[in-house]
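In order, the protein sequences belong to chains B and G.
So for the first sequence, my numbering puts the first residue at 678; every next one is plus one.
So for the second sequence, my numbering puts the first residue at 678; every next one is plus one.
Incorrect hints may have been included.
Any copy will do: because identical chains look the same in the list, a pair fits if it lies in one copy or spans two.
Here are the computed lysine-lysine pairs in the DSBU-like style, where the Cα-Cα straight-line distance is at most 35 Å [stated by the list, open to error]:
1. K888 <-> K862
2. K690 <-> K888
3. K795 <-> K845
4. K690 <-> K845
5. K690 <-> K763
6. K690 <-> K750
7. K862 <-> K690
8. K888 <-> K750
9. K862 <-> K845
10. K795 <-> K888
11. K888 <-> K763
12. K845 <-> K888
Keep in mind the hints are simulated off the structure, nothing from the lab.
Number of protein chains: 2
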Amino acid sequence: MSKRENISTSVIKRLPRYYRFLNGLNRDGVVRISSRELSIRMGLTASQIRQDLNCFGGFGQQGYGYNVEQLFKEIGHILGLQNLHKTILIGAGNMGRALASHIDFEHHGFHVVGVFDKKESMAGQMVHGMPVRLMSGLEDFCRNNHPEIAILCTPDEAAEQLVPVLLKLGVMGYWNFTHYDIVAKHPDTAVQNVHLEDNLMRLSYQVSALKNNDMKRANI
Amino acid sequence: MSKRENISTSVIKRLPRYYRFLNGLNRDGVVRISSRELSIRMGLTASQIRQDLNCFGGFGQQGYGYNVEQLFKEIGHILGLQNLHKTILIGAGNMGRALASHIDFEHHGFHVVGVFDKKESMAGQMVHGMPVRLMSGLEDFCRNNHPEIAILCTPDEAAEQLVPVLLKLGVMGYWNFTHYDIVAKHPDTAVQNVHLEDNLMRLSYQVSALKNNDMKRANI
């Protein structure tokens, strides 16, 4: 346990990728894998992999490699995926609905318990196997169901108004598709931002650099 | 111009955020802004902002601040947003369609010229104001229209088969929603990956840390 608490931020950021690869190997029936094999599949160096995975120790054995299932489970555990955090989706427009049908929440530590939208015409439509609720019922729902996480697919202004309300209701984690900067205003929250347009602008920069044969600038 | 080429990767990564804020200010009719004002709005320090924006010099003036419109345009120019890169969307499932209706491509440097899907039942359906084309027509379309960028919303295996074909047809930039690691196999490409599930797993880690009152681990 003490080892786990010392894992660096950069290793944590790479863990989801290890989790994905190990999941695939496990599914394919692979029982063990050497750091060299794993490095080839993941496009990392074997020494990087050994360094990363040694952080939580005891899995790699000289001449044996890693036990795939054990490592997969341990990484899932470190990521907290066994928790099934109760989650609400707010905003059932195009993006919200696409996430609801595209993402396998339950396999990534989340249990979607409610979907909300402010549009009356949306009320009762089925999203993620449940009827969309109106925002007027949000506070009561949270008091009764205690969601910990909100997926915000609303306009930016709505997010700004919603977060303080949700915080008071115990929602501490946010998967934020808006541009409202939650952490700046509420540092005591857990937030992952998905800023798709920012991503797209970086790609524009990279392609422009590539056209100028500037590979260094193309790989940001 | 020489100044521009020396901009560091970390500054480039922050530019889309500056662009968004300056866009908002410009739209609201703000003509100039001090680094201090901008820092409050963006949740950065004034000295960070001065350091970042001095990279491409000549915009901030002591006692005057930044000319919003000029800075906004210059950052857009550095990001290559004036280029309108010809773009194709491959995979018109939930995520592809959501992106097509959610993202303002044209304001972020991209011009979507074609939408493709392998499902015959999708053919002819309207997405982003144009009929979905079948994959069988992809190569001819690229030869005639010369798209530079592909948005990949396909299964991972399809992406692995598609990228070499697209590369030969001149598609050098990829907005990659699959888990296929394009850069590892094709280093001479410009790629932005959007790995939504990885993001979600990081959030799970953060929320678990937050519940243990471990703020350091909650802010990765």
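Hints, one by one, checked against the model:
1. K888 <-> K862: between (40 Å within a copy, 20 Å between copies)
2. K690 <-> K888: For K690 and K888, the Cα distance is within 35 Å both inside one copy (31 Å) and across copies (19 Å).
3. K795 <-> K845: For K795 and K845, only the intra-copy Cα distance (20 Å) is at most 35 Å; the inter-copy one is 47 Å.
4. K690 <-> K845: Both, since 29 Å and 33 Å are each at most 35 Å.
5. K690 <-> K763: both (23 Å within a copy, 33 Å between copies)
6. K690 <-> K750: both (17 Å within a copy, 34 Å between copies)
7. K862 <-> K690: Result: close both inside a copy and across copies, 24 Å intra and 22 Å inter.
8. K888 <-> K750: between (44 Å within a copy, 21 Å between copies)
9. K862 <-> K845: Within one copy only: 14 Å inside a chain, 47 Å across chains, cut-off 35 Å.
10. K795 <-> K888: Only across copies: K795 and K888 sit 30 Å apart there, 45 Å inside one copy, limit 35 Å.
11. K888 <-> K763: between (46 Å within a copy, 13 Å between copies)
12. K845 <-> K888: Between copies only: 15 Å across, 50 Å inside.
The earlier numbered hints are all upheld by this structure, with none contradicted.
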